[in-house]
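Protein chains in written order, with the numbering used here: chain D, 55 to 398; chain V, 55 to 398; chain U, 55 to 398; chain L, 55 to 398.
Worth double-checking, as some hints may not be accurate.
No distinction is drawn between identical chains; accordingly, a pair holds when it is met within one copy or between any pair of copies.
Computed list of lysine to aspartate or glutamate pairs in EDC-like fashion (alpha-carbon distance at most 16 Å, straight line) [to be verified]:
1) K208 <-> D176
2) K92 <-> D173
3) K325 <-> D387
4) K169 <-> D219
5) K369 <-> D137
6) K249 <-> E209
7) K218 <-> E386
8) K367 <-> E312
9) K169 <-> E79
10) K385 <-> E79
11) K179 <-> D279
12) K359 <-> D163
13) K367 <-> D181
14) K367 <-> D176
15) K384 <-> E79
16) K179 <-> E211
No wet-lab data here; the hints were simulated from the structure. Everything numeric in this text was worked out from a predicted model, so none of it was measured.
4 protein chains.
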Amino acid sequence: MTYFQCDYASGAHPKIIKNLVATNEVNTLGYGNDRYCKSAAQKIKKACDTPNANVHFLVGGTQTNSTVIYSILRPHQGVISADSGHIAVHETGAIEAKGHKVLTLPSVDGKITAKQISDCFDMHKNDPVRFHTVQPGMVYISFPTETGTLYTKKELEELSQICKDLNLPLFVDGARLGYGLMSKECDITLQDLAKLCDIFYIGGTKCGALFGEAVVITNDTLKKDFKYIMKQCGALLAKGRMLGVQFDTLFTDNLYFEICKSAVDYAVRIKKAFEEKGVNALANSQTNQQFFALSDEYLEILSKKYLFEVYGKTKDNLNYIRVCTSWASKKEDVDELIKDIKSL
Amino acid sequence: MTYFQCDYASGAHPKIIKNLVATNEVNTLGYGNDRYCKSAAQKIKKACDTPNANVHFLVGGTQTNSTVIYSILRPHQGVISADSGHIAVHETGAIEAKGHKVLTLPSVDGKITAKQISDCFDMHKNDPVRFHTVQPGMVYISFPTETGTLYTKKELEELSQICKDLNLPLFVDGARLGYGLMSKECDITLQDLAKLCDIFYIGGTKCGALFGEAVVITNDTLKKDFKYIMKQCGALLAKGRMLGVQFDTLFTDNLYFEICKSAVDYAVRIKKAFEEKGVNALANSQTNQQFFALSDEYLEILSKKYLFEVYGKTKDNLNYIRVCTSWASKKEDVDELIKDIKSL
Amino acid sequence: MTYFQCDYASGAHPKIIKNLVATNEVNTLGYGNDRYCKSAAQKIKKACDTPNANVHFLVGGTQTNSTVIYSILRPHQGVISADSGHIAVHETGAIEAKGHKVLTLPSVDGKITAKQISDCFDMHKNDPVRFHTVQPGMVYISFPTETGTLYTKKELEELSQICKDLNLPLFVDGARLGYGLMSKECDITLQDLAKLCDIFYIGGTKCGALFGEAVVITNDTLKKDFKYIMKQCGALLAKGRMLGVQFDTLFTDNLYFEICKSAVDYAVRIKKAFEEKGVNALANSQTNQQFFALSDEYLEILSKKYLFEVYGKTKDNLNYIRVCTSWASKKEDVDELIKDIKSL
Amino acid sequence: MTYFQCDYASGAHPKIIKNLVATNEVNTLGYGNDRYCKSAAQKIKKACDTPNANVHFLVGGTQTNSTVIYSILRPHQGVISADSGHIAVHETGAIEAKGHKVLTLPSVDGKITAKQISDCFDMHKNDPVRFHTVQPGMVYISFPTETGTLYTKKELEELSQICKDLNLPLFVDGARLGYGLMSKECDITLQDLAKLCDIFYIGGTKCGALFGEAVVITNDTLKKDFKYIMKQCGALLAKGRMLGVQFDTLFTDNLYFEICKSAVDYAVRIKKAFEEKGVNALANSQTNQQFFALSDEYLEILSKKYLFEVYGKTKDNLNYIRVCTSWASKKEDVDELIKDIKSL
């Protein structure tokens, strides 16, 4: 069975494994106070061109989202998000569990606009009894989004500007950041992203690591005491060096980006193959996750060899599936899938 | 200036004031362990025909909603509500602040249906990775709703049945319960309501009292240790007898219902007057709150003598206003308003 | 039965009742936006000599403590308190329920010292892995304390200074403030208190009102958006005017202080009578609450006419009781109690 | 520099590394639904002789403690713990951040007794206003404790019995469980432990793994929906197989216990050497953590070659240090340290 079901189905990139093995017997201090974390943080700051940023390493995406948001908001504030945002739908209420409402805005292609944020803020501000409603306190977006789409540089600049104007920290969930930045349709760089938001993270779990997300805090006002909150949230790994070694490897010789690139190329090829076969893509994805409406017949045939994520039925009674490539996807497997799609 | 702005603009019904004055110098134990609370609870249980219910007296609506919901849900559960529900929009995130997501369903006339609850439950249950999403743990409805509408007996029976089937406690926010039950279009009784839900409250703040909401718990499994949670939530009044005296008065000689009845009649008359004048009602309200789209001209004229709640503009650029009567509204004021509407 | 059991056993001072009755039919806006709240706030600011303070009216003590502390702390911070502090023992974990640890310090006579705070702060600061422990974020004291004692002006100045030095907001729980300030042994004024802390409240529930606590915020950085947090905490009364009328009355013609004074005098007389009889006072109280170790025999005799709070047994197997006077205690009742004590 | 500073200074046991490498390219489902987790759970259930237990794999200790406790308690309940318990002092208020008070009892040798629990429970139960205080809802103990001591079988049976009698779930923090069970002075087995408590965890982070704690739930009433709460708490690893592979390795051929045994032996030898030199042990530890009061002179000499954890000064102005061995400690390093101690 070949997995195109998700991007966290295999272990880590061989170079990471190699370095974990090589450093396994080294003794270090715990909780991120080790040379590997320091080195990784340096390399990340350099790659982001943010020499004054703080870099912290956490374990997983839900943990990172909830820890970051919890560290920023005051009790009466909520976080603005697309209604399709991961924090709004797929984290078992982790944000609410820490006391905050997710203020959802209707999304198009998984994205929200500067205008929507501005309107949401104004509606609240102009409400004469606004203290009866949750105050917008920050903005969360995903890059790429949950449906694989990308904000353009212009869109991101507009979001960034309105957030600055309204004093709302902008937080970018980069769980699949590598796949976003490596998309041919992406017109921003890591440095652009770092400049345009206040805090973001570079996803490792889905982009070559065993696990790990690197939070980059560029806005000085958000830096204070972050490590306390990590610890309280159970997000401070005792053997932090595991995270250091992994990100140090990923940010050596551009590995993080190299390994994400092929996955996006593969995904786009698969999309093209399905579309040529008359299968509709269900999202305008430009990255490694592709969504399709597949007939029972097609699904049955392909499922003999391939594993996809099946979410349920569309209203046309087709199967709503995700085909997901990753840094670990092999060219020969992709070629074969495409051949099999053509033969449907 | 005559107030039609809200139903909490004046003090309490004279009989309540009389009894508060009469008992003012009596000494009692605190925290609800007094004869007045006991007597009021007895009368309420009798009125509800629920001899085994537990009755608790809290101070206000947001406090009651958040305390009740917090007492029922486990950490990973959320409360199903109409998207127009008070807990979803006007409580500054009080439910989220206590850790729970409000799972909103699109409402028609402020109401949700048994089918919607069933679908929401099934969608969650059938999700293969359902532990990534908030589990529906209870259902919240308002009676009357935030737009003044009422569930019919049939609708309520269906809601009740589905909630029983799915093991979801049904909680009814009765902040304006008196106005609901006294509507000519209401086909349920207090006893029906008590039988059809697991926990509900009888609103005092808006229905004749200075303040106070009487929570009635009929489902045995929800009774345990409720008073602890009240105390933790700052919802246990030291001089609980204030609540006891007020509800004891309201549930003597049917006072609660008598005084709510006129308010609803007045509101319906005002609605008729506006409609005859070609002013659109913005909700299908059958109770004491009526919502209209009023031109600037009309609003300006009427605002010289009357205070309404003005929420903002409709998309037709009319003024979205609420006209609200209460137990304290006077017939002569209503007559005059109607006369003035006719003269517009 | 004569009540000396607590200071919330009766209704409100007759002048408050009179004004509530007189204003009962007046219509006002809700949620504290009424003339009475405005007037009361003005009078309180004048009495405190803090023209720039913000004044908010809440309903009860636990509610006030938890709302204030929640509004100040960041997620990883805790509140320093005497181990005997109300928030540490008698609020069913209300502070923890809002996410914060109470950092208790051993108390003498219910009090903590500047030195203790300094040491606690330093111990945390000097801990190389301090992010594994809760960061002290503010200081809570009660005035008078839970055992009826008082901080001297010198002690309070020292607390104030260390809190300023360490940037820890100082919050004073004044649930029984009137009884404290009116004690003969009290060497501070309301103005002193207002100057020496960052936020405090003037207790109404136990000092003449039906209910109500007036929060005074003098530190500008603590003022922002307090009303949102009140609403979220269920602490924003719809008919806020009830609180306004009560505090307006209490702060007219010095009523608040006048009515507390006699209660303290009575309590001190009772203490003297018990001590002359060889009954040990269990706390060094200078205010309206007095604590004694009473034999079964004495308790049995006195309990025929008087109600005390009985907490349990001391280790000498005596009855640990509280005798509590209030603004409502009558001279003749106190005289009779003293006579009966003498006759034991 | 030789590390005796903590038990999480190096990577994982070579067999774990070997298996992680061997399985690195295998594709599996995420979130614990993989063959390795299933196999590891089976082996753990067998080792515990609890065929009906539920086993879940989490990442770290603080995360595990807070997730477990949060999953068990109702809002008004707290967790009973020794005042020296990890949850009470070293988790940055993680328990409080999830809404619950830690009810600390004074400990002797890091332990609490059945009698203390019973007294604490009774004191609460017999309080006439008990709803003003936090209700004891469960009991937390560490095995071994934070100071390296062990409950005897008799002590544990008594704790277990009182917890059953009082209906308080007993939760055992086994972050260093291997070192406890392998102590020569330990008179209980893993099976005993599993039988005597309701939920416990087998620590991996400090006992041979890169990271990971295996929660074993034996009490049926605590099993429901645990995975939802893990997800919400950010404690559900996407590549759960990492945890599965590690615990599968640890519970193959008794590895977990084998590798912990030597560490305890080493620690006891070091303790003996220090004591023979007249250095006082600061705790009655029987496991891999040993605590000493070391003079500046001794510390300076030994610090040239060895790293210890230095906590600060004792009241005798000696250095309060921890010497910590682990599964990774080497015999030759221990021999050398002992030789150097003798030469002091």
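Going down the list of hints, with the structure as the test:
1. Taking the shortest Cα distances, K208 and D176 never come within 16 Å of each other, neither inside one copy (22 Å) nor across copies (41 Å).
2. Neither within a single protomer nor between protomers do K92 and D173 lie at most 16 Å apart by alpha-carbon distance, with minima of 42 Å and 32 Å respectively.
3. In this assembly of identical chains, the alpha carbons of K325 and D387 lie at most 16 Å apart only when taken from the same copy (15 Å versus 58 Å across copies).
4. For the homomeric pair K169 and D219, the shortest alpha-carbon distance inside one copy (12 Å) is at most 16 Å, but the shortest distance between copies (44 Å) is not.
5. For a Cα distance limit of 16 Å, the shortest separation of K369 from D137 qualifies neither inside one copy, at 20 Å, nor across copies, at 23 Å.
6. In this homomeric assembly, K249 and E209 come within 16 Å of each other (Cα to Cα) only inside a single copy, at 14 Å, whereas the closest approach across copies is 50 Å.
7. For a Cα distance limit of 16 Å, the shortest separation of K218 from E386 qualifies neither inside one copy, at 47 Å, nor across copies, at 54 Å.
8. For a Cα distance limit of 16 Å, the shortest separation of K367 from E312 qualifies neither inside one copy, at 35 Å, nor across copies, at 51 Å.
9. For the homomeric pair K169 and E79, neither the shortest alpha-carbon distance inside one copy (53 Å) nor that between copies (45 Å) is at most 16 Å.
10. In this homomeric assembly, K385 and E79 come within 16 Å of each other (Cα to Cα) only across copies, at 15 Å, whereas the closest approach inside a single copy is 35 Å.
11. For a Cα distance limit of 16 Å, the shortest separation of K179 from D279 across copies, 12 Å, qualifies, whereas the shortest one inside one copy, 30 Å, does not.
12. With identical chains, the CA atoms of K359 and D163 are never at most 16 Å apart, being 30 Å at best within one copy and 50 Å at best between copies.
13. In this assembly of identical chains, K367 and D181 lie within 16 Å of each other by CA distance solely across copies; the values are 12 Å between and 41 Å within a copy.
14. In the homo-oligomer, the alpha carbons of K367 and D176 lie at most 16 Å apart only across protomers (14 Å), although the nearest pairing inside one protomer, at 38 Å, exceeds that limit.
15. Proximity of K384 to E79 under the C-alpha cut-off of 16 Å is restricted to the inter-copy arrangement: shortest distance 11 Å between copies versus 32 Å within a copy.
16. Proximity of K179 and E211 under a CA criterion of 16 Å is satisfied in neither setting, with 23 Å inside one chain copy and 40 Å between copies.
Checked against the numbered hints given earlier, the structure breaks hints 1, 2, 5, 7, 8, 9, 12 and 16 and satisfies all the rest.
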